[in-house]
Structures are given as structure tokens and as C-alpha cells.
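Q: For the protein sequence lines, the chains are A and B, in the order given. Going by our numbering, the first sequence opens with residue 384, and the numbers climb by one from there. Going by our numbering, the second sequence opens with residue 384, and the numbers climb by one from there.
Since the hints were made in silico from the structure, they are not lab data. Fair warning: this is a prediction, and the values are worked out from it, not measured in the lab. Among the clues, some could well be false.
[As the list claims (entries may be wrong)] Here are the simulated EDC-like pairs of lysine to aspartate or glutamate, each with C-alpha atoms no more than 20 Å apart in a straight line:
1) B:K435 <-> A:E422
2) B:K507 <-> B:E449
3) A:K507 <-> A:E522
4) B:K464 <-> B:E522
5) A:K480 <-> A:D462
6) A:K399 <-> B:E397
7) A:K509 <-> A:E522
8) B:K435 <-> B:E397
9) B:K400 <-> A:D423
10) B:K435 <-> A:E521
11) A:K426 <-> B:E425
12) A:K426 <-> B:E397
13) A:K400 <-> B:E425
14) B:K507 <-> B:E534
15) B:K435 <-> A:E429
16) A:K407 <-> B:E521
17) B:K426 <-> A:D423
18) A:K435 <-> B:D423
19) A:K400 <-> B:E534
20) B:K542 <-> B:D563
21) A:K435 <-> B:E396
22) B:K509 <-> B:E565
23) B:K407 <-> A:E471
24) B:K435 <-> A:D423
25) B:K509 <-> B:E521
26) A:K542 <-> A:E532
[Stated by the list, open to error] On the chain A side, residues computed to face chain B include the following (Cβ under 8 Å):
27) A430
28) E471
29) L512
[To be verified] Some residues of chain A that are not near chain B, with every Cβ distance over 12 Å (derived):
30) S463
31) D504
32) P581
For every residue, glycine included, the Cβ atom is placed at its ideal position computed from N, Cα and C.
There are 2 protein chains.
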Amino acid sequence: MTNQENPVQRLIEEFKKLPGIGPKSAQRLVFHLIRRPNEDCEKLAEALSRLKGSLTLCSVCNNITEVDPCRFCSNPNRDSKMICVVEEPCNILSIEKTGVYNGYYHVLHGVISPIQGIGPDDLKLKNLLDRLKGNQVEEVIVATNPTSEGEATALYLSKLIKPLNIKLSRIASGIPVGADLEYIDAVTLARSLTGRQPL
Amino acid sequence: MTNQENPVQRLIEEFKKLPGIGPKSAQRLVFHLIRRPNEDCEKLAEALSRLKGSLTLCSVCNNITEVDPCRFCSNPNRDSKMICVVEEPCNILSIEKTGVYNGYYHVLHGVISPIQGIGPDDLKLKNLLDRLKGNQVEEVIVATNPTSEGEATALYLSKLIKPLNIKLSRIASGIPVGADLEYIDAVTLARSLTGRQPL
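Here chain A stands alone, though its shape is the one from the complex:
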């Protein structure tokens, strides 16, 4: 029997393809599932099968969704004056967890990265501009990552949006809550100084 025909080995191979899961973790996961009731395995398999079938991109904000427009864009209780621009759909979940933002979102599906050959045309910018021309939006929060690519994208967005006379802001970058000045890198500390807030 080859490895490919063995269901245990086959599942190990499939798990190994996932990010952050090496051969040992994959083996551990499979033998965990073998020990668990059948149901657990089936639920996971079903959730996986259902993942792709019904998913599409929201025509308004490009978020991943089952129904178009997505649950954020179709929610009339959110603040229509604000749009938060993020790199990837998963970033929306992170921001939602904070509980401090109640506006709408826009997903770029990437960042400007000359090294990877990703330019502004590869980002989902067109429908963002269409949304901004609707005159309802008063502020755009750029929540791309504070990496060089994220900063470059933020700069590009500012050039694009400023002529429209819309308030533009960038999420604050600085020392994370609970961290110690002694162990923080100089670039982050410098940014927390230049971005200091009135007390």
C-alpha cells in the first residue's frame, strides 16, 4: 500500500499543506481526530466543503461573504459617514473585535508592493472611489498594516482621496498596550513619540 492510499498518511499530507502546520503537528492532529468521535471529523469536513461553495466578494466593499451585499454593507445601523480601508478580509474581524468602530469597510485585497510586482491597479480601488463620490462619507480611516508596503499604500490612498475633500486618517502606530519601553524597537518608539497625543 502506498502512502497516498493510506487514509491516515493522506490526511497528514493534506494538513501539512496548511500554513504553520509541519509534519509533527499534522501527525498530532490526525491521531487526535482518530481518537475523537466520528462526528468531530465529519463536522470539520462539512465545514470545509461548505467554505468555498457559497462564498463570493461583496460588490460594495469586497469583503468575503455569502450574501451580496455583505452583512456589514447591508446593515443600516452602521455609521455611513465612515469607511475603514483594510488590506484583507480577515482584518475586518480583528477590527470588529475591538468594538470601537461602527462604520463601513473597504477591502483592498492586497497592498502596493513593487518587489512582488503589485501596483495600485492590482488593488480593489475602483469601487472605493465610486463610494466616496457618493458624498455621504466624511472620513476614511486607512488601516493597512504599519509595514513598508502598508505605508506606501496609505500614502497612495492619501494622494487619491485628499482631492475629494474627505477627512483622511491613519490608525495610530506606537508601543502596544502592556509592552515595556526597554524592549521596544527604536522605530516603533520613535513613532510613538512623533505621534504623541495631548493628555
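Place chain B on chain A using the hints.
A: Chain B in isolation, oriented as in the chain A frame:
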């Protein structure tokens, strides 16, 4: 839409149930799968569905297998004079990877653990003794983990097997290859001294 109906959230919940996968890893895995072609997701789902359906325990060695007897027990090219006793089926894979053992296996499916209420009767010992009475086996290697439970199980096995006049051995415990004496714990170092080998 509740979280349970959302396929993304649902798959995150299922991944979170696996050992070593927290909320953030689960989210990362799901968004990775969303970006990958449909095929990847389906292959993983299929491997999961197939995992349990066809698996059973080998009637000879208690290994997890699709066909009974398992691929080890049905292989006539292995050394029938040796049986290696392990705690769990996954231990067989680890030993096979070393490439230095070519005998048969026996899986106990647990170790003696009074704290967890697991006694000798809960282990798959009966068919081990049946195999040993066949007169073919000359050596039993006890490869339970060098934990207190594994050691207790090894001791119990020695009492059980010694009267049968079969050579009994225990895998060596000591300093792992590449480690530094300076950082090794005292119990392991003591064991590597008492278990020293002639040069």
C-alpha cells in the same frame, strides 16, 4: 446571520477544537484556504471524510489500519523474532522513521496511570501475551515513553513477560543527540550515566 450560519466562522470554530490551534491560528488557516483554489479545500475535506470510515484496529497488534492484519503484521519480510511495544499507534510512525527497526509492533493504546484511573486491564495486553506464547518471539522491546506512567507500564510488562523466558529490553533514555550537558536536567543526565554503554 448568526456566527454558526456563516461558513467562515463555522470553519474557524471547527479548527479551534483541534489541539494546538487557537482562535488566531484557526482564523489564519481559514483565510489561507479561502485564498487557495477550491481543490485544496476539497482534498482536505475528502481526506477527513475518508479517515474514519475505513479504519479499524489490527487484530494482531492493535495498530490503526484499513486492512486487518495491518501492513506491518502482514509483511513477511519483517523480523518475527522481535516485538516492539508502544503506547499509541502514532509511535509506530516515529519508530519506522528511524529505519533501524524491522520487527513487529504491539500497541497498548494507553499506559498505566492510577491518577487517570487507567489500570493494566484497560490496556490491550491480552493479545500481546497470546503472541508471545507462540514461541517465535525472542525479544520484546518496551518503547513506552520515559514518563512515570510509561516507566510503570514497562515495569508491569517486565513482571508479565519475564516468566515466559523471553529477552526483554527497554529503549535507552539519556541525553538527546545534539544537546548540551550544561542545559540538560539532572534526572536525564543521571540516567545517561547509569545507562552508559561500553565504548
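Q: Indicate, hint by hint, whether the structure satisfies it.
A: Taking the hints in turn, this is what the structure says about them:
Taken as a hint, the B:K435 and A:E422 pair is honoured in the structure, with Cα atoms around 10 Å apart against an allowance of 20 Å. Distance check on the hinted pair: B:K507 and B:E449 sit about 19 Å apart at the alpha-carbon level, within 20 Å; holds. The suggested pairing of A:K507 with A:E522 holds, with an alpha-carbon distance near 19 Å, which does not exceed 20 Å. For the proposed pair B:K464 and B:E522, the alpha carbon gap of about 6 Å is at most 20 Å, so the pair holds.
This hinted pair checks out: A:K480 and A:D462 have alpha carbons roughly 17 Å apart, not beyond 20 Å. Taking the CA atoms of A:K399 and B:E397, the gap is about 17 Å. The hint holds against a cut of 20 Å. With a C-alpha separation of about 18 Å, the suggested pair A:K509 and A:E522 falls inside the 20 Å cut-off, and the hint holds. Restraint check for B:K435 and B:E397: satisfied, since their Cα atoms lie roughly 17 Å apart, inside the 20 Å limit.
Distance restraint check for B:K400 and A:D423: the Cα-Cα separation of roughly 9 Å lies within the 20 Å cut-off, and the hinted pair is therefore satisfied. Taking the CA atoms of B:K435 and A:E521, the gap is about 55 Å. The hint is violated against a cut of 20 Å. This hinted pair checks out: A:K426 and B:E425 have alpha carbons roughly 14 Å apart, not beyond 20 Å. With a CA separation close to 7 Å, the supplied pair A:K426 and B:E397 stays within the 20 Å bound.
For the suggested pair A:K400 and B:E425, the alpha carbons sit about 13 Å apart, so the restraint of at most 20 Å is met. At roughly 17 Å between alpha-carbon atoms, B:K507 and B:E534 fall within 20 Å of each other, so this suggested pair holds. Among the hinted pairs, B:K435 with A:E429 is consistent with the structure: their alpha-carbon atoms are about 14 Å apart, no more than 20 Å. Simply put, A:K407 and B:E521 have alpha-carbon atoms about 32 Å apart, too far for the 20 Å limit, and the pair is violated.
Taken as a hint, the B:K426 and A:D423 pair is honoured in the structure, with Cα atoms around 17 Å apart against an allowance of 20 Å. Using a Cα cut-off of 20 Å, the hinted pair A:K435 and B:D423 holds, with the two alpha carbons roughly 10 Å apart. At roughly 36 Å between alpha-carbon atoms, A:K400 and B:E534 are farther apart than 20 Å, so this suggested pair is violated. Restraint check for B:K542 and B:D563: the C-alpha separation of about 35 Å exceeds 20 Å, so the hint is violated.
Restraint check: the Cα-Cα separation between A:K435 and B:E396 comes to about 16 Å, which is no more than 20 Å; the hinted pair holds. A C-alpha spacing of about 44 Å is found between B:K509 and B:E565, which places the hinted pair above 20 Å, so the restraint is violated. Distance hint between B:K407 and A:E471 is fulfilled; the C-alpha atoms sit about 15 Å from each other, no more than 20 Å. With a C-alpha separation of about 10 Å, the suggested pairing of B:K435 with A:D423 holds against the 20 Å cut-off.
Among the hinted pairs, B:K509 with B:E521 is consistent with the structure: their alpha-carbon atoms are about 18 Å apart, no more than 20 Å. With a C-alpha separation of about 16 Å, the suggested pair A:K542 and A:E532 falls inside the 20 Å cut-off, and the hint holds. For the restraint placing A:A430 at the interface with chain B, the shortest Cβ-Cβ distance is roughly 4 Å, inside the 8 Å limit, so the hint holds. Residue-level restraint check for A:E471 holds (minimum Cβ-Cβ distance to chain B is 7 Å; threshold 8 Å).
For A:L512, the interface hint is violated, since its Cβ never comes within 8 Å of a Cβ in chain B; the closest pair sits about 25 Å apart. Every beta carbon of chain B lies more than 12 Å from that of A:S463, the smallest distance being close to 20 Å; the non-interface claim holds. With a closest Cβ-Cβ approach of about 20 Å to chain B, A:D504 is found to remain outside the 12 Å limit, as its non-interface label requires. A:P581, annotated as away from the interface, keeps every beta carbon of chain B farther than 12 Å; the closest lies near 34 Å.
Taken one by one, the earlier hints fail for this structure at numbers 10, 16, 19, 20, 22 and 29, listed in ascending order.
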